[in-house]
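Given chain A's structure and the hints, the job is docking chain B onto it.
First to last, the protein sequences are chains A and B.
Start counting the first sequence at 1; every next residue gets the next number (the working numbering).
Start counting the second sequence at 1; every next residue gets the next number (the working numbering).
Treat the hints as calculated values from the structure; they're not laboratory data.
Each hint should be verified, as a subset may be incorrect.
[Claimed, not checked] Derived lysine-lysine pairs resembling DSS-like cross-links, with alpha carbons at most 25 Å apart:
#1 A:K121 - B:K121
#2 B:K51 - B:K121
#3 B:K51 - B:K3
#4 B:K121 - B:K141
#5 A:K141 - A:K121
#6 B:K121 - A:K141
#7 A:K121 - B:K141
#8 A:K3 - A:K51
#9 A:K121 - A:K51
Note that the structure is predicted; figures quoted are calculated from it, not measured.
There are 2 protein chains.
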Amino acid sequence: MPKNSAEVHRSLQQAALELFRERGYDQTTAAEIAARAGVTERTFFRHFADKRDILFDREASVQAALTEAIASAPADLAPMQVLLLAFHGMEAIYEDNRSFSEPRQAIIAVTPALRERELTKIASMIAVLASALEQRGVDAKLSTLAAQVGTAAFNYALMEWLDDTSSGLGAHLDRAFNQLFLLSSTYESGV
Amino acid sequence: MPKNSAEVHRSLQQAALELFRERGYDQTTAAEIAARAGVTERTFFRHFADKRDILFDREASVQAALTEAIASAPADLAPMQVLLLAFHGMEAIYEDNRSFSEPRQAIIAVTPALRERELTKIASMIAVLASALEQRGVDAKLSTLAAQVGTAAFNYALMEWLDDTSSGLGAHLDRAFNQLFLLSSTYESGV
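Looking at chain A on its own, in the form it has when it is part of the complex (with noise of 0.2 Å):
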């Protein structure tokens, strides 16, 4: 039965997550992955770059819908609920793609490769919501700030996401801004 380009870039991800499971990322080839798919290796090139291309496909899109999302944020919002607002509109990127999340975490955490790739990839999100932020005229290091707060409660939103299935995305959203809250009120009573 054939199969649109949506379902083949599918296809191909399953087969990617279920080789490197199997095998080990390193281990694994493009042409395997084709094989696995019942697609030709030509036709994988059409939907990545290469294998490690699988798992970071969302990265550019997810970025861009940040920076728009950012950019039109009511203006009286303050620079930590802009970011949430933004996240919040990340919700059905992250949903649909529930059944990808989990494997594709396992891959990166045992890949020293694609650990420094994940990295690169958290810095670079970092470096554009301060440059979102910085366009709607907060502070430059306090857009940095911000940004790297944001992105942790982010990432741990997705974590605790990924090891919770009673609760959306969302809900672990307000409970990591929730959190960051929490830490950041405590420092003053001690120190």
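Frame of chain A, contents of chain B only:
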């Protein structure tokens, strides 16, 4: 006049920062740094593994000092209080090396390979802080969140301190943690 080991170490750092500024990091060799400092190349390599090491030589000692400070902090302190206390313990190291910090930061900002190395250093510091908090019984994910947020505040304080010579690092640390509190406490009202 013969110099002691600490003086030679400083001379090499000073010579390296001068040459990096004059020629750029990539265009400077270890031999040239040694020559500028008036020592042999062999002496250079007794002090530093390579030219990059000159800019990152305090990493291990800072991490060890932070780990020790977190382990020995009073048991009743909350995670962010523990981190602020540990960062305050680093003030003397940073104040003593103030004159190197600014040119160091400037070289890193314009050299992609060094920015990568700096990111790795920050990731490593976050891992060390998170692990030290976990040793105190803090939940693993919360330890990572606190370590990321605390490190963001620490780096914010360092940047402010480099720009503003009128206050010491200690005052900038307190302000950074207060800034964190102000940022985090705004999210509730609007979203």
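Checked hints:
no.: 1; hint: A:K121 - B:K121; result: holds (16 Å)
no.: 2; hint: B:K51 - B:K121; result: holds (16 Å)
no.: 3; hint: B:K51 - B:K3; result: holds (21 Å)
no.: 4; hint: B:K121 - B:K141; result: holds (20 Å)
no.: 5; hint: A:K141 - A:K121; result: holds (20 Å)
no.: 6; hint: B:K121 - A:K141; result: holds (20 Å)
no.: 7; hint: A:K121 - B:K141; result: holds (20 Å)
no.: 8; hint: A:K3 - A:K51; result: holds (21 Å)
no.: 9; hint: A:K121 - A:K51; result: holds (16 Å)
The structure fails none of the hints (numbered hints given earlier).
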